[in-house]
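Chemist: Chains A, B and C, in that order, are what the protein sequence lines are. The opening residue of the first sequence carries number 1 in full-length UniProt numbering; numbering runs sequentially from there. The opening residue of the second sequence carries number 1 in full-length UniProt numbering; numbering runs sequentially from there. The opening residue of the third sequence carries number 1 in full-length UniProt numbering; numbering runs sequentially from there.
Please keep in mind that the hints were generated in silico from the structure rather than gathered at the bench. Treat the hints with care, since some could be wrong.
With a cut-off of at most 30 Å between alpha-carbon atoms, the simulated DSSO-like pairs for lysine-lysine come out as follows [as the list claims (entries may be wrong)]:
1) LYS159(C) - LYS149(C)
2) LYS153(A) - LYS166(A)
3) LYS22(B) - LYS110(C)
4) LYS292(A) - LYS149(C)
5) LYS160(C) - LYS82(B)
6) LYS290(A) - LYS155(C)
7) LYS82(B) - LYS174(C)
8) LYS292(A) - LYS100(A)
9) LYS110(C) - LYS159(C)
10) LYS22(B) - LYS179(C)
11) LYS149(C) - LYS164(A)
12) LYS293(A) - LYS155(C)
13) LYS94(B) - LYS346(A)
14) LYS119(C) - LYS82(B)
15) LYS164(A) - LYS155(C)
16) LYS22(B) - LYS342(A)
17) LYS153(A) - LYS164(A)
18) LYS174(C) - LYS18(B)
19) LYS149(C) - LYS293(A)
20) LYS110(C) - LYS160(C)
21) LYS292(A) - LYS166(A)
22) LYS81(C) - LYS159(C)
23) LYS81(C) - LYS119(C)
24) LYS18(B) - LYS94(B)
25) LYS342(A) - LYS94(B)
Which stretches of chain A does chain C cover? Using the computed rule of at least three CB atoms under 8 Å from a CB of chain C, they are [to be verified]:
26) 114–126
27) 141–154
C-beta: ideal position from N, C-alpha, C; glycine also.
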Amino acid sequence: MNAPLFPSILISCPCSDNVGQQRSRRSKTAAADPDLDQWEEEGETFDPRSPRSAFSLFPLENLLFCEDCNQVRCPRCVQDEIACYFCPSCLFEVPSSTVKSEGNRCTRNCFSCPICFAALAVTATGEDQTGPFILLCAHCLWSTSDIGITFEKPTSITAQLTAKLKAASLPPSNSLAPPESSHSRPLSPLSQGSSVYNFRPNSPIPPPAPTDEAEFARLKGYYHQQNTIASSDDFGGAGSLSRLMGMYSTGRRIGSYGTGNMPKLVKQKQEWQEIESYRVMDSEDEVIEKMKKAGFYGATSQSQRIIQSHQPRLLEDVRPLAALLRTKRAKRCRSCRHILVKPEQKVGSIRYRIRLVAGLDHNAVNYFSLQPLATHQFLLTVTNPLYDVINITLATPEKTPGKYPATVYILCPEFEVGASTDVWDEALGPEAKPKAKAAKGRKTGLAGTIWDSGRNWTSVILEIVPPHLPDDVELEEDDFIVKVPILVRSVYESDVDKDDGIGKDIKEKKEHSYWSVLEVGRIGKKVAGKVGFDDSASAGTGVAVNKALPPTPSGEPREREHRDREHRSSSRSHRESAGAAR
Amino acid sequence: MPPKQVKGEYIETDTGNKVSRKSNILGSQNIILGGKTIIQADCTIRGDLRRSGAPGQHGNVAIAVGRYCFFARSSVLRPPGKVSRGAFSFYPMKLGDHVFIGEGAVVEAAMVGSFVHIGAGAVIGKFAIIKDCVRIEEGTVVAPNTVIPPFSRVAGRPGVVVEELPETAQDSLELKGIYRMI
Amino acid sequence: MAPKSRLSDHAASRPPCTLSTTILISETAQLTGSHPISIGEHTVLHPRCRLNSTLGPITIGDYCILNERVNIAAPDREGCKIENYVMVEMNAVVEARSVGEGTFIEVGAKLGGKCIVGKNCKFSPLTTVGEEEIVEDDTVIYGYGERRKDMSANKETRKKLVERQIEGLRALIKSDRAKFLT
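With these hints in hand, go ahead and build the complete structure from the sequences.
Modeler: Structure, rendered in structure tokens:
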């Protein structure tokens, strides 16, 4: 999402295996567990470098969590539901009926510059704030006066602009005056035809090609009519359905069996006329001549051209861009339809009524480079936002996948993380503290022991020996980055829903596992004899470290206001160089 | 993680604001800091450019800042000004809570919401309105009069919304942690 | 990056100055160097704006506004000449041979050594002009260095706005002209 900061953690969402169909594959209650082990036994290690992985790895902050499915939900396996439409510029909410009738652009005074895409402001050109008014870009100084348009009043610019463009678009020879309806939505990209800056030769070539705009109006009218007929029908639903089916089957036949079979039937249907009618290619000579005259500075750039619906070649033909509406969306789990996110209706509000997110903050640490063939130790901190104690098992392949594998070793792969109880519990005395184990803060750095732990977090040491990259081979950028796949498996007991009132003390064992990818850093050049990376530390398992490690900042007390029910592993891996002890 | 600052670098106010002695604050009587805001060295705040004429309903406040804001080194905050009804006047600038302004950034916005991150070297044009939960990338130039809706990531010159931020944006843009560090 | 502003009250040599009686110069503006600096009528120098005439003379016209942290330095013996109605915004660096009338230099823009800038140009924030480059009249440099010609006819209105802004600033910035005349 942002510029790469190392180390960073990405979590794999299993949805690319098939959304919603294999929901029980990777997470389930412990009762129905057999194929999880089986799956692990299959020994397929998650490969962060496989091309498919790019589609399943997400930063923690982009993930949601479905409580019912007990599974992580990524932006691909949630379903968006539009809560409201609004204009990103004036922040007015647009009712969905207006969106349907007027199109997906703001119909107030919100436009952006066709040259640099900054916002345009209504500006008075006369003395003392009087008209005529123009839309002026404060960034590149483009204004509507550059294309010869000024406005009489500073309000309802859209309507004025429409009227002006309409006046310009109707050359006297054009007999195919588009009906009123198409002009009621002039800014919808669908209806912006090429009629305004019509490069078509005026000489009528039979059959006279109708303008896109006229064609759109005709089809729209037709479908509207059909709609009315269908709804007036007694068996409305069935009738329209069969008609639809008819359309589809005809369509398919056209597509797959060629056009020869059913020409008669197709021709009778008005909706197919669009496909049937052919177009005479416009003569480009005129445009080329104009471009020659305008020169480089008079022609549109590619980005300027494609953003306009009529794709003008010349700067004199561009039009201000009406602001595209944005939406606020609720999100549902695709497999159980549970609502995961529900924003507040108000446009300006950043509150959520429901928000089930997978994790919270995840502080990135500074970019630094790894020395090849030296042991680097990282602190991997797992923070528990749940109100129950969790047991974590971490698994990682000894050698990371990829052409140049790094060696990875987790000193303590199995440990416990305390519950995220109230911050006050800790202060209220030892009996309120769920986890006051004696061995806290040993920091021995010995294999099989944790490094440090706190109220709801535990840190373990992760050792990485980056590979030595050959100098004579051309390497891709990706080869420089050490990516460690880690299988995180957590087991915890949580209260069963107390809906029935009797299952009060029944605890349910829940298990959840997923792959995450830790992008540790970039492998740098081997620096001979660099202080701080002497290989001596690599022999002992970090014995030297215990003096040098700065005390880990304790896991941020997390506030209970967030309903983040996902147990999650936020890794605050702190920079740590082995052998930094001096 | 930046090292703990040398004692004496900052002056701490009653409400917990930490203002660097090397910062450059003009017209401090027209500036309101909500508390727990950090102003680093060489940071310039132009409180002297207040609204001309009689004091309005908020007195002569030129810059109002919420809580837990962070203004990095060499950043500049300056109220926007324009000619209205034939006379030039500055207009007050309002910042919400948890606003991060990166090193060397120049802000002339009319309003900046809460949980806004403005990257280093960014330029926020006059009378821009930035709503809550917005991340403005480094070196972005937000044109004057631009409105940035909530949950946006803005980049480019001129800055345009390039992405929507996830629902968790508020948590990642919170600045309580930074305040504790200094 | 933003220029470092250090108050150096007496350290640097004081250049011979020709300051119009109508200028508005903040006491924290810095005029340094050895070559003459002359500033025309109604020009405004904001606090901590810096003019350096070490390498050559600097001439500033009438009705200019030089904002906070602006850095103007003469590139060589021939000096730097800024015509009337030039607006230089914060953090801008001007080392041009000449800047034409009515040009707007926005936040953080940099005019490289000995470049010649025409009339009514506009440099959007953070844009740069190379050394010894010649920029024609009415050029707009925007975005990441894209250029276009401004064909609009409202140049006179822009000058009016600058005049009004100077009027407005008179009430807010305390002028200390005497300090710079030795």
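Chemist: For a quick check of understanding: which of the numbered hints are violated here, in increasing order?
Modeler: 8 and 16
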